Amino acid sequence: MAQEERVIVAGFPLALDRRYHAETHMWVLLTGPSRARIGMDPLGIETSGTLAELSFLPVGTKLTAGRPFGQLEAAKFVGPLVSPVSGAVLAVNDEVAVDVALAERDPYGAGWLIEANLSDAAGELPGLLADTAEVIAWFAAKIADYRRKGVIAQ
Amino acid sequence: MAEPLRVIDFGCSQPLRSQTLWHAIGYGVSAGAAGALSFTRPAAPYVCLGYHRGIDEVDHDYCQANGLPVLRRMVGGGSVYLDADQLFFQICLPARAVPAARYHALRMLLEPAVTAFRVVGVPAALDDDLEICVGDRKICGHGAGQIEDAVVVCGNLIERFDHKRAARVLALPDPAQRDQTLALMRRFVAATPVDPAAFQAAMISAYAAALGLSAVPGKLTGTERSAVADLDEKFSSDSWLVGPAHPVAAVRAGPRARQVKVRAGVWTLAAAYDGAQVAASVVRGTVDRVRLRDGELNGSIHQAERALIGIPLHSVAQVLAGFGDPGRRLAAAFASADPGSF
Chain A
1 MAQEERVIVA GFPLALDRRY HAETHMWVLL TGPSRARIGM DPLGIETSGT LAELSFLPVG
61 TKLTAGRPFG QLEAAKFVGP LVSPVSGAVL AVNDEVAVDV ALAERDPYGA GWLIEANLSD
121 AAGELPGLLA DTAEVIAWFA AKIADYRRKG VIAQ
Chain B
155 MAEPLRVIDF GCSQPLRSQT LWHAIGYGVS AGAAGALSFT RPAAPYVCLG YHRGIDEVDH
215 DYCQANGLPV LRRMVGGGSV YLDADQLFFQ ICLPARAVPA ARYHALRMLL EPAVTAFRVV
275 GVPAALDDDL EICVGDRKIC GHGAGQIEDA VVVCGNLIER FDHKRAARVL ALPDPAQRDQ
335 TLALMRRFVA ATPVDPAAFQ AAMISAYAAA LGLSAVPGKL TGTERSAVAD LDEKFSSDSW
395 LVGPAHPVAA VRAGPRARQV KVRAGVWTLA AAYDGAQVAA SVVRGTVDRV RLRDGELNGS
455 IHQAERALIG IPLHSVAQVL AGFGDPGRRL AAAFASADPG SF
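Chains A and B are the protein sequences, given in the same order. Note that the first sequence ends on residue 154 in my numbering; no numbers are left out. Note that the second sequence ends on residue 496 in my numbering; no numbers are left out.
Hints listed in this document are in silico derivations from the structure and should not be mistaken for laboratory results. Predicted, not measured: the structure shown is a model, and the values here were computed from it. One or more of the hints may lead you astray.
As the list claims (entries may be wrong) - Below, computed lysine to aspartate or glutamate pairings styled on DMTMM-like, alpha-carbon distance capped at 20 Å: (1) B:Lys415 with B:Asp282; (2) A:Lys149 with A:Glu46; (3) B:Lys373 with B:Glu157; (4) A:Lys149 with B:Glu265; (5) A:Lys62 with A:Asp120; (6) B:Lys415 with B:Asp492; (7) A:Lys62 with B:Glu302; (8) B:Lys415 with A:Glu53; (9) B:Lys415 with B:Asp328.
Using the sequences and the hints given, assemble the complete structure.
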C-alpha cells in the first residue's frame, strides 16, 4: 500500500493516496494488482448523519459499478453504499459493521468498508478522480456546495 | 405547471401487501414514474422488522401462536407491531428531488406530515431527533430508505395503540425488561384519534403545497405492478426475513445487553454478568427505573436500586463501586449495553 498523504481541506481531512468517485464519495485504494480497498470519505459520512448500522454483501458476491455493495442506516434512513467499481467482494470489514463509529473516526484507515478484486480496472479506474490537484479542487467545491445548501455545518 | 404527485389510496391491505405495494412505488419512481403519496391500513395485525434489525428481536413463538405474520421492510427503524388502528402513509420521490444530507431530506419529507397533524387539531412538532411528537410523546413512527433512485419516507397516524401487544411481540426473556418497556411505551408513545379521512385530506394538501407538486389521483404503473409481484415473493422468503448478515457475535466477545428503543433517547436494557442481572429504563441518558439481582447483594438490593435512579448512565459504575464485588458485577452488566444510537 502506498504511504498515505493527507491534507485538510476547509476543515475536512482528505487522503491523497487514492481515487474518488465524485458523486458517491466512495474512495478506492489499490492494494495490489486488480485488488482494492473501498471506503467512504468524511464528506459522505457527514452528509449521512450519525451512522447507526452498516451491512455488506457477503464475501464472493459479484460487484457492479453503480450498484450497491451494502446498506447504511442513519436516522432510520437506509440507503445504498454504491460500488465505484466492478468485480467481487473479497473481504468485508466486520469491525466497522460492529462499531460503525469507526467509519466516522477513521474513514481513510480502520473505517474501510470492503475489499474487492477488480474485473475492469483498466476501464473503470480512469473514471475516478486521482490527480491530486483535481481531487483537492473537487473536494473543496463539494464542501462549499454543501455549506451553501446548509447540508453540512459552517 | 406543477409536476404531478400521484395520490394512491390502497385502502385496507393484507399484511404482506401493506408493505410490498409502497415498496413497489419506489421501483416505479426510480424508473421515472411521478412521485407518489400513498396510504394503506393493514387488514390484519402483524409485526415488521426494520431493515437492519435482528430476526431474534421478535418472539416468533408468540407471533405464530397468535397468527401474527412477521415481515421485514427495506427502510430503517425498529421492530414494530402494526394493526388496523394505524393508517400508514408513504411519500416517495426521485432521489434527485431531495437534499443529499439525510437529516435535511427527512426533515423536508416529515414536515408536511406535521402540518397535516396540526390541521386536524393535533399540536404536533418535529423534534431535533426528527420524531413527530406532542410534548415528549411520539405520535408517529417513521422510517426511510432509498430504493434504487427513489427516496421513500413512511409513517403512521396512530388512532389507537395496543401498547401491551407492541411490547409482547418483542423477544424479551427478562420479565422486568418487558414490564419496563411497556411502561415506557405507555409514557412515550401516544395515539391521536382524529378523523382519518380529514387527516388524509390534510396530508395530500400539505405534501402538494410543500413540494410544489400538483396532487392527482394515481394508480400503479406497469413497472410497479410487476414489482409488487416480485416483492411479494421476496418478502415471503426466509432468506429475506433473516436479514443482512451482522458480524457482532464474531467480533465482539462477552455478553451483550438486550436493548429496546421506545423512542429517541428512551430505551430499556437487560443484561447479565457473572450471575448479576440488570433490567433498566434509560430516559435521556439517565437511569429512570432499575431492577438488580445478585446473590451476594441480598440486603442492599433496594439501596443500590435507589442509588441508581436519576444517575447518568456513564456514572453508573461509579455509584455501584460502593457495593463491593456485586456492584462491580452489576456495573459490568450495565457496561455491556451500547448507548450508541439509542
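Now the hints, each set against the structure:
no., hint, verdict
1, B:Lys415 with B:Asp282, "17 Å, holds"
2, A:Lys149 with A:Glu46, "14 Å, holds"
3, B:Lys373 with B:Glu157, "16 Å, holds"
4, A:Lys149 with B:Glu265, "18 Å, holds"
5, A:Lys62 with A:Asp120, "12 Å, holds"
6, B:Lys415 with B:Asp492, "12 Å, holds"
7, A:Lys62 with B:Glu302, "18 Å, holds"
8, B:Lys415 with A:Glu53, "15 Å, holds"
9, B:Lys415 with B:Asp328, "16 Å, holds"
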